[in-house]
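Peer 1: If you want the building blocks of each chain, they are given just below.
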Amino acid sequence: MTKAKTLYEKIWDAHVVDQRADGTALIYIDRHLVHEVTSPQAFEGLRKAGRKVRRPDLTLAVPDHNLPTTARLDAAGNKVPIADPQSAAQLEALEANAPAFGIKYIGASDAEQGIVHVIGPEQGFTLPGTTLVCGDSHTAAHGALGALAFGIGTSEVEHVLATQTLQLSRSKSMEIRVEGLLGPGISPKDLILHIIGVIGTAGGTGHVIEYRGEVFEQMSIEGRLTVSNMSIEGGARAGLIAPDDKTFAYLKGRPMAPRGADWDTAVAYWKTLPTDDGAEFDKTITINAADIAPTVTWGTSPEDVVPVTGHVPAPESFPDASKQDAARKSLDYMGLTSGQAMGDIAVENIFIGSCTNSRIEDLRAAAKVLEGRKTADGVKWAIVVPGSGLVKAQAEAEGLDAIFKASGFEWREPGCSACLGMNPDKVPPGERCASTSNRNFVGRQGPGARTHLMSPAMAAAAAVTGKLTDVRELIGVN
Amino acid sequence: MNPVRKVEGRAFPFGQKNVDTDVIISAEWLKTISREGLGEGAFESVRAKDGNVFDDPEYAGASVLIAGDNFGCGSSREHAAWALDDMGIKAIIAPSFSDIFSSNAFKNGLLAIALPQEAIDRLMEVAKTDPITIDMESMSVTTPFQDRFTFEMDPFRQQCLMDGLDEIDLTMAKSDAIEAHENRVDSAQAWHKPVAA
Chain R
35 MTKAKTLYEK IWDAHVVDQR ADGTALIYID RHLVHEVTSP QAFEGLRKAG RKVRRPDLTL
95 AVPDHNLPTT ARLDAAGNKV PIADPQSAAQ LEALEANAPA FGIKYIGASD AEQGIVHVIG
155 PEQGFTLPGT TLVCGDSHTA AHGALGALAF GIGTSEVEHV LATQTLQLSR SKSMEIRVEG
215 LLGPGISPKD LILHIIGVIG TAGGTGHVIE YRGEVFEQMS IEGRLTVSNM SIEGGARAGL
275 IAPDDKTFAY LKGRPMAPRG ADWDTAVAYW KTLPTDDGAE FDKTITINAA DIAPTVTWGT
335 SPEDVVPVTG HVPAPESFPD ASKQDAARKS LDYMGLTSGQ AMGDIAVENI FIGSCTNSRI
395 EDLRAAAKVL EGRKTADGVK WAIVVPGSGL VKAQAEAEGL DAIFKASGFE WREPGCSACL
455 GMNPDKVPPG ERCASTSNRN FVGRQGPGAR THLMSPAMAA AAAVTGKLTD VRELIGVN
Chain A
6 MNPVRKVEGR AFPFGQKNVD TDVIISAEWL KTISREGLGE GAFESVRAKD GNVFDDPEYA
66 GASVLIAGDN FGCGSSREHA AWALDDMGIK AIIAPSFSDI FSSNAFKNGL LAIALPQEAI
126 DRLMEVAKTD PITIDMESMS VTTPFQDRFT FEMDPFRQQC LMDGLDEIDL TMAKSDAIEA
186 HENRVDSAQA WHKPVAA
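Those protein sequences? They're chains R and A, same order as listed. Throughout, the numbering used here is defined as the position within the first sequence, counted from one, plus 34. Throughout, the numbering used here is defined as the position within the second sequence, counted from one, plus 5.
These are calculated hints, taken from the structure and not from any lab test. Just so you know, not all the hints are guaranteed correct.
As the list claims (entries may be wrong) - Cβ-Cβ distance ranges computed for the label pairs, FRET-style:
{"id": "1", "chain 1": "R", "residue 1": "372", "chain 2": "A", "residue 2": "169", "range": "32 to 40 Å"}
{"id": "2", "chain 1": "R", "residue 1": "37", "chain 2": "A", "residue 2": "122", "range": "35 to 43 Å"}
{"id": "3", "chain 1": "A", "residue 1": "144", "chain 2": "R", "residue 2": "316", "range": "24 to 32 Å"}
{"id": "4", "chain 1": "A", "residue 1": "6", "chain 2": "R", "residue 2": "56", "range": "18 to 26 Å"}
{"id": "5", "chain 1": "R", "residue 1": "130", "chain 2": "A", "residue 2": "168", "range": "33 to 41 Å"}
{"id": "6", "chain 1": "R", "residue 1": "56", "chain 2": "A", "residue 2": "181", "range": "15 to 23 Å"}
{"id": "7", "chain 1": "A", "residue 1": "168", "chain 2": "R", "residue 2": "203", "range": "17 to 25 Å"}
{"id": "8", "chain 1": "R", "residue 1": "37", "chain 2": "A", "residue 2": "178", "range": "54 to 62 Å"}
{"id": "9", "chain 1": "A", "residue 1": "170", "chain 2": "R", "residue 2": "295", "range": "38 to 46 Å"}
{"id": "10", "chain 1": "A", "residue 1": "41", "chain 2": "R", "residue 2": "117", "range": "23 to 31 Å"}
{"id": "11", "chain 1": "R", "residue 1": "81", "chain 2": "A", "residue 2": "170", "range": "14 to 22 Å"}
{"id": "12", "chain 1": "R", "residue 1": "318", "chain 2": "A", "residue 2": "178", "range": "48 to 56 Å"}
{"id": "13", "chain 1": "A", "residue 1": "7", "chain 2": "R", "residue 2": "54", "range": "21 to 29 Å"}
To be verified - No farther apart than 25 Å at their CA atoms in a straight line, the calculated lysine-lysine pairs in the BS3-like style are these:
{"id": "14", "chain 1": "A", "residue 1": "179", "chain 2": "R", "residue 2": "44"}
{"id": "15", "chain 1": "R", "residue 1": "206", "chain 2": "R", "residue 2": "37"}
{"id": "16", "chain 1": "A", "residue 1": "133", "chain 2": "A", "residue 2": "95"}
{"id": "17", "chain 1": "R", "residue 1": "357", "chain 2": "A", "residue 2": "54"}
{"id": "18", "chain 1": "R", "residue 1": "82", "chain 2": "R", "residue 2": "113"}
{"id": "19", "chain 1": "A", "residue 1": "179", "chain 2": "R", "residue 2": "82"}
{"id": "20", "chain 1": "A", "residue 1": "133", "chain 2": "R", "residue 2": "363"}
{"id": "21", "chain 1": "A", "residue 1": "198", "chain 2": "R", "residue 2": "44"}
{"id": "22", "chain 1": "A", "residue 1": "198", "chain 2": "R", "residue 2": "305"}
{"id": "23", "chain 1": "A", "residue 1": "11", "chain 2": "A", "residue 2": "133"}
{"id": "24", "chain 1": "R", "residue 1": "280", "chain 2": "A", "residue 2": "54"}
{"id": "25", "chain 1": "A", "residue 1": "95", "chain 2": "R", "residue 2": "86"}
{"id": "26", "chain 1": "A", "residue 1": "198", "chain 2": "R", "residue 2": "286"}
{"id": "27", "chain 1": "R", "residue 1": "86", "chain 2": "A", "residue 2": "179"}
{"id": "28", "chain 1": "R", "residue 1": "280", "chain 2": "R", "residue 2": "39"}
{"id": "29", "chain 1": "A", "residue 1": "133", "chain 2": "R", "residue 2": "357"}
What the hints assert, rightly or not - Sample of chain R residues facing chain A (criterion: CB under 8 Å; computed from the structure):
{"id": "30", "residue": "51"}
{"id": "31", "residue": "91"}
{"id": "32", "residue": "120"}
{"id": "33", "residue": "159"}
{"id": "34", "residue": "192"}
{"id": "35", "residue": "269"}
{"id": "36", "residue": "271"}
{"id": "37", "residue": "343"}
{"id": "38", "residue": "475"}
{"id": "39", "residue": "476"}
Cβ atoms here follow ideal geometry from the backbone N, Cα and C, with glycine treated the same way.
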């Protein structure tokens, strides 16, 4: 009998091109997503060395980080110029580099444009059992479909473009086993924020996480993408969820997914991927789903989480001196006082979007809370940024845009937007933002901006009341 | 890549834990299409405060950075490694590093050296007054006070750093193996190829 293997081991073993004696291996990369921010220096490197892209057919380029989320075309159908000259130059570089190296490019005003991590699954570019990389740490998202997916730096982007491989050492495996199901009104975002609170931002360093338990089997692909996306916030380079019938149903018929007989062979193979009974993980963490309330962050690290029903913690409540010091600095930056009820924290800005939470289900969840309601007076800026043009079109077909607009939200074009403060969508200094994004680092949403991470429904609830709010009170769940 | 065999110099006793990539270089600086000039933006939010270690004349020209656990967590931006390099840093010593940062550092000939917290505490003390030496041959960090801490690094990385090897060249030498893998997949798993939309 062969040794029982984890999903991670199966994918790894199927991609070893060359095994070195020291345990590292040359791993074949099946899919490479490219965006404007982490690629210009890589293309420049190829040019200088006179190298080509080995497999342009396995590479897909799209702009997202820098792109303003306002209209891309004017009334006459002409491209709206990008005001920031540096952003414009970076976007132009990708637009020129992709065709120059034979790579398929989805342009800013194309119907399919969107955030790399939204369009990969949406186009069927991301497939179970493949290896997928992108010069962006949230590439972990694609693990939701059972792909081994992780973020890489620009030198590695260049390495993959030139060789379609990466020199890697095998990660350790970590099982996050969730017992039970989420309560009513609790979302996948609450679950992953809670998990990061338990393991900490370095808890998964050196590991690939596999999320296991009935809660994931019942979860939609959109929800799984939210969970796997934030694996990197727990320090893990990649997250994985076993592919199942939901995964296959999601992928079937997607533009770049296999068809006909190839589809059948693929599904038969994908069914062999889930972790074998008896396979061993290097580490197992057990989480009880029933313990999870709507979860928000209070500090400047994604591990700084608390139930919305809780209070801002006291720095002295942390065991070690350096964490106490970090908590003091966080509270100072966030303008919060220990003991303050989370539900009393007023917010001026609402951001619904990012590769974590900008898919159709996220927009549906937020719209459900906002229907028939208005944003509170204290809310100065509220935006919804769909993850892709296709998500936007779907939401419009369902009338969600009308709900958002009627409640006082701006309805934007797809992109990374206010997740990372490198395009015009920024949170002003000293102001708070209820944000569905993934990082609450100092200055992440703009210099001096104060971020509270939460789910789309929770961000919508905060928009309605003007303060952090337990969404269960608004949707009749107790 | 230039070979790195020894780094010797003063060190910034920074010491902070969980230094994220947005602190090392904020997103506003990522719009560049070059690798150069990012030192100016390094640790911008830290440097905005008076009395910060980076603007202390005592440490002017320091080539080593000493930090706490989980250095470089967060984004995959290699700009963080480029910014450190551009500000003159040749090595970072910390109890642990994020996976992506340590890989990015390595690709740029920047040493990411992991030592236990007790060693970090001692080096933080020494850094206030004296230089630190890192030797790649013996894989050790030493001080003028006879302290000697040895570190580990996978032999492949050590060799690449010491010889300044170009990793893409090394991999391209294996193109036969890469092609063999591609042929294997093409024949057994035709579904693997994305359908050209």
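Peer 1: Between residue 168 of chain A and residue 203 of chain R, does the beta-carbon spacing fit 17 to 25 Å?
Peer 2: For residue 203 of chain R against residue 168 of chain A, whose Cβ atoms are near 19 Å apart, the range 17 to 25 Å holds.
Peer 1: Have a go at the residue 120 of chain R hint: is there a Cβ in chain A nearer than 8 Å to its own Cβ?
Peer 2: 4 Å, holds
Peer 1: For the pair we were handed, residue 11 of chain A and residue 133 of chain A, check the Cα-Cα distance against 25 Å.
Peer 2: Satisfied, since the Cα-Cα distance of roughly 21 Å is no more than 25 Å.
Peer 1: Taking 25 Å as the top limit, are the C-alpha atoms of residue 179 of chain A and residue 82 of chain R close enough?
Peer 2: 21 Å, holds
Peer 1: Is the straight-line distance between the alpha-carbon of residue 280 of chain R and that of residue 54 of chain A 25 Å or less?
Peer 2: 51 Å, violated
Peer 1: Hey, does the residue 343 of chain R contact hint survive, CB to chain A under 8 Å?
Peer 2: For residue 343 of chain R, the interface hint is violated, since the closest Cβ of chain A sits about 26 Å away, which is over 8 Å.
Peer 1: Do the beta carbons of residue 41 of chain A and residue 117 of chain R sit within 23 to 31 Å of each other?
Peer 2: 24 Å, holds
Peer 1: At the C-beta level, are residue 318 of chain R and residue 178 of chain A separated by a distance inside 48 to 56 Å?
Peer 2: About 40 Å separates the Cβ atoms of residue 318 of chain R and residue 178 of chain A, which means 48 to 56 Å is violated.
Peer 1: Has the hinted range 15 to 23 Å been met by the Cβ atoms of residue 56 of chain R and residue 181 of chain A?
Peer 2: At roughly 21 Å between Cβ atoms, residue 181 of chain A and residue 56 of chain R fall inside 15 to 23 Å, so the hint holds.
Peer 1: Given the hint of 14 to 22 Å, is the C-beta distance from residue 81 of chain R to residue 170 of chain A inside that range or not?
Peer 2: Since residue 81 of chain R and residue 170 of chain A have Cβ atoms about 21 Å apart, the given range 14 to 22 Å holds.
Peer 1: Please check whether residue 37 of chain R and residue 178 of chain A have a Cβ separation lying inside 54 to 62 Å.
Peer 2: 32 Å, violated
Peer 1: Measure nothing beyond the straight line between the CA atoms of residue 133 of chain A and residue 95 of chain A; if it is 25 Å or shorter, mark the hint as holding.
Peer 2: Measuring from Cα to Cα gives roughly 18 Å; hence the hint holds.
Comparing the model with each numbered hint stated earlier shows that hints 1, 8, 12, 18, 24, 25 and 37 do not hold.
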